[in-house]
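Enquirer: Using the sequences and the hints, build the whole thing.
Protein chains: 2
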Amino acid sequence: ALRGKHDAKSRVFADLSRDEYAQVQEYMLLQKDLCISTRQSTRPDENFLFLIELRVPRKAEVLTYLDAQGPAPRREATVVVYYGTEGYVKEYEVGPLPNPSYHRDVTRERYGVDLPLSARSVTIGEYILLFQFIEDRVFSPLSTLLWESFGVDHEHQLKPFEQMPRGLRADDRHTWMSFCRELSGLYIQPVGFEVLVNHRSTNASRWRVERVFYNGQYFDSVDALQDAYSAGTVKKIVKTPWEDYGSLKPRTRPLQLGPQLVNPEGARYSVSHNHILYMDWSFAFGLSAATGMRVFDVRFRDERILYELSVQEAMSVYGSMTPGLGMTKFLDSGFGIGRFAHELVRGVDCPYDATYVDTYRYIDAAGPVRTPNSICIFELYLGQPLRRHFADFFHNSYGGMANSALVFRTITAIENYDYMWDFVFYQTGAVEAKVHATGYISASFLVQGSLRHGHQVAPNVLGNIHTHFIHLKADLDVAGVKNMFQTKDMEYKNISLPWAPQHYAMTPHLVEKTLTTEKEAALRHGAKTPRYLHVSSNQTNRWGHARSYRLQVYSFAGEHLPESQPEERAMSWARYKVAVTKHKDSERSSSSVYSQNNMWNAPVDFSSFLQDNDNIHNQDLVAWVTAGFLHIPHAEDIPNTVTVGNGGGVLLRPHNYFDEDPSIDSPTACTWSPA
Amino acid sequence: ALRGKHDAKSRVFADLSRDEYAQVQEYMLLQKDLCISTRQSTRPDENFLFLIELRVPRKAEVLTYLDAQGPAPRREATVVVYYGTEGYVKEYEVGPLPNPSYHRDVTRERYGVDLPLSARSVTIGEYILLFQFIEDRVFSPLSTLLWESFGVDHEHQLKPFEQMPRGLRADDRHTWMSFCRELSGLYIQPVGFEVLVNHRSTNASRWRVERVFYNGQYFDSVDALQDAYSAGTVKKIVKTPWEDYGSLKPRTRPLQLGPQLVNPEGARYSVSHNHILYMDWSFAFGLSAATGMRVFDVRFRDERILYELSVQEAMSVYGSMTPGLGMTKFLDSGFGIGRFAHELVRGVDCPYDATYVDTYRYIDAAGPVRTPNSICIFELYLGQPLRRHFADFFHNSYGGMANSALVFRTITAIENYDYMWDFVFYQTGAVEAKVHATGYISASFLVQGSLRHGHQVAPNVLGNIHTHFIHLKADLDVAGVKNMFQTKDMEYKNISLPWAPQHYAMTPHLVEKTLTTEKEAALRHGAKTPRYLHVSSNQTNRWGHARSYRLQVYSFAGEHLPESQPEERAMSWARYKVAVTKHKDSERSSSSVYSQNNMWNAPVDFSSFLQDNDNIHNQDLVAWVTAGFLHIPHAEDIPNTVTVGNGGGVLLRPHNYFDEDPSIDSPTACTWSPA
Ligand SMILES: [Ca+2]
Ligand SMILES: [Ca+2]
Ligand SMILES: [Ca+2]
Ligand SMILES: [Ca+2]
Ligand SMILES: [Cu+2]
Ligand SMILES: [Cu+2]
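Quick note, the sequences are listed as chains A and B, same order. In terms of our numbering, the first sequence opens at residue 254 and continues consecutively. In terms of our numbering, the second sequence opens at residue 254 and continues consecutively.
In case anyone wonders, no lab produced these hints; they're calculated from the structure. All of these numbers come straight from a predicted model, not from anything done at the bench. You may find that some hints are simply not true.
Same chains, same names: a pair is fine if it fits in one copy or spans any two.
Said to hold, decoys possible - Derived DSSO-like pairs: lysine-lysine, alpha-carbon spacing no greater than 30 Å straight-line:
1. K746 - K488
2. K766 - K492
3. K312 - K766
4. K258 - K502
5. K312 - K687
6. K735 - K766
7. K837 - K781
8. K781 - K687
9. K343 - K489
Expert: Here it is as structure tokens:
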């Protein structure tokens, strides 16, 4: 059933291979003057090779290569080094691959500013020290309190759940750690004990506990809590038994297998290296450790529709009476979204006989790491007709076609939450990008006033209200790179009927507009938005209409953080349901791995992409889409949030792009009529 | 895997059997004084037994029977008779079944007014006369024109596509018929020739053509067109070849089967009579010839969640330069929604091994008619986890469960459009009601100014802009019949941080409200609506929160017809995204079979349900949900609109109804952790 051929040129988008990572690592280690370590336990005061990742070549070069027989773009890696000795972070371009021979500091070129060391992620090396710090400076001195309040002993341990951002202003690295019972889903096991650790210094011996929270009361130090506790002036937490209510263990025995998906005549798609063919579709794929999954050069019947479709960011803002969660704003790319694309479980995360692909990455590790089965690809039968009609007027006849579509999926489990990311390719020429949330909610210990921020969901546990916003980049190239942003909607107009002119009636009219500047094309949440949004071409279809793709956004998003807040610019993309910008190689991503820990001075502020208010008429356009949902946790979020109803996304669908529905050419349709 | 038992009491909701229809028909024919005919060709000036349908007993009686060991409610039928001899329509209650012995005129009791004969549907009997009329009074005199303009000959025929409502004011029965080539999907084959037929009289010999439309020009009669045509003063349509672009015939041979759904260990649900069991679910079902499918007494773990979930109406409003479609407002229950629930095609409309159920109905026929396989029931594997979590912090573990759900489906093909209606029952306790549209669009011949109302989609054919609104009734009974309507949302409040009081931050707060009157609870489209809508109980869950079900509406609805329009009150339900009313037996349905043909005086005006502004606090509540989408047709609507992206619905999901996610008890979950 394959209509196309695999295209070796798609390797231009391929993630680095294990060998390529190794070569880059080796090359960087040869730069003795940089004094780089690759030990996983590298301390904050040393220089650490944190990340190696493919640098996707500039679009113009890629297009010359793909479309105009131009030379293959140079293959290069991005390398991120944390310079603990110098107090800054550097990004390098290293190339060419294979056999790298040069590196170039591109930090200022890419971000316009230097990156302070405080913008870096917390590495395994720093966590080792942090956990030791907690052990020595918190758990040890408080062992009596921990036993009396929480039943902590050798068998019953607390583990910290960190809150972000780490502080209140630029250069802070002060992390609230909320302690939770080490049971299944520790995120829903908070005990009401939190500490604020200042780990700003690269010298761990200078770290200190700045504040302590216990049962709703604040103390300036661990000693202060210990003293008050001994003196009996603390309102003590009453010890309760440990209950593993976060357990996902089935309570009943499987009696009977549920329905399964089978491909009786084999798969109708093909995966070769990083290239996929499915019916009329072809595309290349990759997985960025930072931003997550992405596809490139998406073609239908060999005509490119998207240059790139990619995950950019996942963000959550929480409300709580407790100090940690009360200020929490998670930006998942700060952890690395693709980094946490773990192995998928057959039959649960994807169908049993899906195709599973291994990925390799190099992030916060001593070398490249293989993650088996971290991407799955399968054709899903949707259990419904894609289209059908039964005629019983005048004569009986039937025609129809079942709906099946190719799904490209990763699931990223970043601490408590699991996001399921799907790109879906339909036989109609539509592509969908969507995300569903599951996993554990972030919860807080119930204190006075907690119910202003959510509902109780477990003994002494509040499920805290929060937003989910995800950001997607859709670099549509609709019949070429030069596109327009067009809107369509309806409007009632009062017209006199030509056949009964004395009679007036309100009738629906089509209203079309073309938005020509980035500021016009920045569609804010809450503002009235035209119902149809299109990226369209100068080319017309057989009927004279602009060939276009429509963006249909599915979202139940909550309220975006007010712009008055200093953290807002790190997530300013979430102001807009849809924003359309002129493509720039310097605006590859709407967020950055440095935004989480330097929220007050984030090196990428998406709203600045629109600030120059570029003309977007007949330009290479990029559509940036925000989807999400407001999450008011409820008892049924225990043990896990369910995917049903908890998601959002965008459907990119042809609208006068073709001359008729392309599924009419599908080999799977059927018809009948009476003999 | 079945946890419950089939409940014979659910027969109280069962549609009439073939034998029951026959008994009612026989009983009515015995009432000689009524002079009723049951011939299918009964003329408009005769009395016709149009409809026999189950009359669902009053809720109070049913609940006494189901819950309090009360007596079985009397089984009764509704009978609709068109009195051509008298000029009115009557509704009767006929009972008891079996062996009916009484009939009672309930017209005024149900509608508060008498029903004029003009409110009736066009029966087969009337269509026979109408088509003869067209043959004699339009086609015959114009045969030369029809040949020269359209190529009409013995092999090439035109067929009429009727537009609604039939006129401009009460008591009109003036139908614009738009002529289309008799090819696949005649609705997209308009030729630019339409006639306005006045068939108000019950005496077909008094019918007349009131206006003629040809190629954008209007004429007062067929003769006037014929004369002008002969005189050469008409702008003629240039004959074009007949092109079967609406054909659904596959153009390529099936090469390879697509993915299929299988139940390797058999179905995990059971259907007995009109009762279904699936995992923790049980419910009764029926199919009303007028309003379509419905389920009753929906229980999860034997606790009732919904007394009724049902389709109420499907409506569309069109814009066009052509006279017929220019005023068109379809109300599908005027045709009968369930009436057109035709046989489902295995493997296309539903999975091959779904369970298919036959239905019986009596509408516009000489006797009860069996429609084989008109409902399908199957468990759908959704190709995704229902929930999952992978932990890699501190220790590796995984727990998850695949998402499969029971689907209850009918597809109703009413002239051009096919609506796929799904009720979906999830293992989380959520129920979804949704609809997708497919089939043929309604199109018009391209004339001057047409592009104000849509896009060209075929040679000389415009796809006309239109709305789709569907209405659903959800009589939720959440932990009993006495419920509240509650809303939840978020709001940012500026608070001083308790641990750093000089620092203020905007943090998300939960905002809860209870709406206590019907007018407050009538949430209009376009108005700002709280993000969470709940039907809640006085009962609390383990954590002290009101047990509730949340209504999450999926809709891309267009603009509702302005209230200034005389037709609007027949569809006033579409003003509201969600409206919550106090349950009344007299307010069973938000529309009526009489609304289409008596739009200016519709016997049911949903907005009147709210007019008395009943208190809805601690009452039996009914939630009425509107979903839909704006449809701006495009080339890809040819030959058929696709289901992908063209739908809407509502998800009813537990929110603090349980103490934890009930899927944790599912026998299909799995976990693993390292040995
Ligand atoms: Ca710009
Ligand atoms: Ca583009
Ligand atoms: Ca009322
Ligand atoms: Ca109720
Ligand atoms: Cu959430
Ligand atoms: Cu439509």
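Enquirer: Evaluate each hint against the coordinates.
Expert: Going down the list of hints, with the structure as the test:
Proximity of K746 and K488 under a CA criterion of 30 Å is satisfied inter-copy only: 28 Å between copies versus 68 Å inside one chain copy. Taking the shortest alpha-carbon separations for K766 and K492, neither the intra-copy value of 64 Å nor the inter-copy value of 35 Å comes in at or below 30 Å. With identical chains, the CA atoms of K312 and K766 are at most 30 Å apart within one copy only, with a shortest distance of 29 Å there and 51 Å across copies. Taking CA atoms no more than 30 Å apart as the test, K258 paired with K502 passes between copies only; the shortest distance there is 27 Å, against 45 Å inside one copy.
When the C-alpha separation of K312 and K687 is checked against a cutoff of 30 Å, the pair qualifies only within one copy, where the shortest distance is 25 Å, while the shortest distance between copies is 42 Å. In the homo-oligomer, the alpha carbons of K735 and K766 lie at most 30 Å apart inside one protomer (17 Å), although the nearest pairing across protomers, at 49 Å, exceeds that limit. Taking CA atoms no more than 30 Å apart as the test, K837 paired with K781 passes inside one copy only; the shortest distance there is 28 Å, against 36 Å between copies. For a Cα distance limit of 30 Å, the shortest separation of K781 from K687 qualifies both inside one copy, at 23 Å, and across copies, at 25 Å.
In this assembly of identical chains, K343 and K489 lie within 30 Å of each other by CA distance neither inside one copy nor across copies; the values are 48 Å within and 75 Å between.
Going through the hint list in order, the structure does not satisfy hints 2, 9.
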